[in-house]
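Using the hints provided, position chain E relative to the given structure of chain W.
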Amino acid sequence: MSEMQEFIVDTTNKILKKHVAKELIDASEQGEWSGNLWDVLVESGLVSVGIDEDFGGTGGDSTDAFAILRLAGKYAAPVPIFETIIAGWLLAEQKVETTYEPTSFILDLDNDLTGDEFTLKQVPWGRHVTQVVYIGKINNQYKLAVLPTEKAQVENNQNIAGEPLDNLRFKGLNLEELTQFEVERDSISEKVLNYAVLGKLAMMAGAMEQVLDLSVFYANERQQFGRSIGRFQAVQHHLAALASETAVVLAALNYAIVAFEEGSMKEELSLAKMKISEAAGTVAGISHQLHGAIGMTHEHQLHQVTRRLWAWREDFGNEAHWAKKLAKAYIEDNELSLWDFITNEKRGNVHAGSTI
Amino acid sequence: MKNLDLPVVKFTPEQNKFRMEVRNYLKSERESGAFETTADSWMTSYSPEFSKKLGSQGLIGMTWPKQYGGQERSAIDRYIVTEELLAIGAPVAAHWFADRQSGPLFLKFGTDEQKDFFLPKIAKGECFFSIGLSEPNSGSDLASIQTRAEKVEGGWLVNGMKIWTSGAHHSHYMITLCRTSPKDEKNRHAGMSQLVIDLSADGVTVQPIQFLTGEHHFNEVFMDNVFVPDNRLIGEVGNGWKQGMAELAYERSGPERILSTFPLLQEAVEHLKEQNDVSALAQALQLVARMWSLRNMSIGVAQMLEEGEDVSLTASLVKDLGTKFEQAVAETVRLLIDTTPSVTSEKLIDRLMAESVLHGPGFTLRGGTTEILRGIVAKGVLAQ
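Chains as they are written, first to last, in this note's numbering: chain W, 27 to 382; chain E, 2 to 385.
The hints are all genuine.
Here are the simulated PhoX-like pairs of lysine-lysine, each with C-alpha atoms no more than 20 angstroms apart in a straight line: (1) W:K217 - W:K163; (2) E:K274 - W:K354; (3) E:K274 - W:K350; (4) E:K274 - W:K351.
Partner residues aside, some chain E positions facing chain W, computed with beta carbon under 7 angstroms: (5) A283; (6) W293; (7) A379; (8) V382.
Hints in this document: simulated from the structure, not taken from any laboratory.
Even for Gly, the Cβ is constructed at its ideal location relative to N, Cα and C.
Next up, chain E with everything else stripped away, as it sits in the complex:
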């Protein structure tokens, strides 16, 4: 059996100091009314103004080379910033995917022209990306996608449809997984490529899909003879699956798979502390013990990613456990504190409870369902 130990990362005094600077900045922003704390803010709390502010503070694209507007900081520094943003529930949905996935994808596979064109704008918090993967008939079975890009002179002609595309109504671009050659049943992962689709291009239609609350986060994106110039293909033709899977490790192991409901947990603990309720607080702290352990894991995976190690199995473990934990927060807290969950309530705990309960179903679906993740983990351990 493979060793399941992950590295133990120790923050340096400089990093701890940096964390406090970020925290104090965010607190002062909240106090000045720039935002309100929400649960699940990375998916649903959208503010281009705030993203721009973060960009001007050098907090987007932090690990990227300076020539592309980055800060050349470590992955652990970036980890600290993402944690602080999530813990305070800041409105980061606008730039989240570009910072987390699209930028690193360009850095790894993009051309110099693509890096020059996209990265500085992303780092300024002015250029937002969506991820075009799922299709109506391709959910967990992603390799069955049908959106196709045909080679034409000077570029590609894209036809098809993407679904559950978060933020496509706000984003400027969508990194779109397409078939560039017909499906080969013997090698299902071959023949796919990643194209950058300009969401304002002719032939692109974005239609809202209302979330169960009536809110608008995700969309259907229709592509009808959309022309994509050659210089908007990322990496190699036919290598899209592999490139996309490399992104997933970043997507699955980050703090947003643990902290989506943290604002609720923190508020609950404050209440219980004030009430001197040792027994209820103890139950809340049992959640904290889970969270602390998960966080240790997630930081370990971040460290391994930085060192270029294969984390596909461990990243899946983190997401499976982390998102279950996010759901457990609401289910545990509701038994410890009487609330009237309401998104319009003036009481913070009522609102956070409402957001955590209502958004809960998505935690274990988005970015790879629990079932798919467990399949990956099980195959990994059985093969060893």
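In isolation and in its complexed conformation, chain W is listed as follows:
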């Protein structure tokens, strides 16, 4: 980790620790906007990392942003930081300056917006964002467009973590007047998925770190039969399984991030997505077993991370979706044996032993 990144991680950690309490996440689920938290994140430049200062960003690179998102996942920060960062990257690539407004994005290639009445379905954080970066068709042409939400009617909906996933009904918006850019379907889709999947994986890894921390704390604190339950082998094995899954998830994430950063990412994204989405269910399940009944109450904070893991593992396709996609690609590119495929180093060319 670079010094710069250590600083960013440290700052983010302090902010989230101070501002994200269970009550804040509860309130967000009830529909409240976490305005204070958002303002602090904006002022600290954390929603605009990875965007050049020329476009109003904070500078830094995508690795810094993934480190921030990992912490956002860990604390279950109830703000659209993931959506805003990635929307910001997509806009900066079109030379659009960052506004620091809460922004969402939606990749919906089958949608075609026409006329002056249309709907965007399942927009993350739709009710709280001021604009949505839409990637899909407008009048039968693939576009990346910015849709201001002020004229949209919001139909509330949520994912199983209680995060907004709203339908936005737009009326009277002139499609011609939108900020918009022509895009090529496959390349924009790949780009958005690369950003989005990696960002979400970082958040899932963070959430798993939190699950492990909560579980260790509980195993030390909870007493039964006159001793802490962490002294029982059966419980220790749960803890070991949680630590193992978390460590292997981080190994998957970190390799994918390095491949991405070097511009050599190919199947690393699928493999990381497949492993981490699979681990999400395992980790959530074990942690609930370890916590017993208290872990399934609303009062306890465990569900704030486990419900996110259950929600996020489906985002942008679950592990089976990505496995099938990879299988198809592998059958088409039939040359490589499995071992060639696994050791087909495209990252490389940097000294052995570099660490992130």
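For chain E alone, coordinates are given in the frame of chain W:
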């Protein structure tokens, strides 16, 4: 909570080139009939001829100083070679323990005389070692061993018994953990020492224990008043436990804890690819995703070992997850492809399936059981 991130290792173009050279060499050896691919080859596929060939290629003791017959290559280079050997299922059992554990142990704790005597022979692929740890009443509770070495003039007199000693019927020496002073209940790990026992010495009896297939891999080794000269004590008297634990990190985190059944997985993927079976291939690739992640971890641990960092917790994580994965390969593949598992079958996939299923129980036992590893990991995380 301690950070569970491991280093991300990037192979250099030179290393990638080296990997291809090793791979091509092994493929040509297989084509010339020097060996057949097997699952679990590092434990069960024994060929002194092939070990000697690898030695002559400079592929044993690669990281050791040149003065002892090594190549002074990096731990990552060695990692590449071990991976390539396992992926193709080459017969490496003869020299495996000497290369992995005994050599590094001599380098770290041995005398100059011991290094001069043993290391060049090991690097040539001519000198094989077994590891004498478990005893009939000391399995997971290793500190309870009873084999004892008494000080006598000019050396030690060893009495006791070791069990599950892989390859002792082939090996020349056994690094033997013994009690050199009586057990102290307050400090159970004190009073043990490591001695090199010459397996052809008077008083040593090696008896086979048949594996469940009837094959002969492991043994009982009886030691009846075996004299071990002073110069065959490794390191310090009484420091045997600590020295032995340092070896375990190498033993637990290597690619052999992930790749024992890889030949089966590769063969299965080839079948499914040929059949254009996207849905079954997708399920096989889910295993590949696990393997890729584990491999990233294992390489990270290798890097940390090279840098002298403490990896006892992470090495245990790798072994626990890796060996479970090795078992999962057979259990998943059998549902994706119809096979008739048979060690005598001419069909490669049938044979690899048979080997993977039959050897499966050992994966999560050898080198520290899953239960012991999880105990180590849990204590590590609870203490933080």
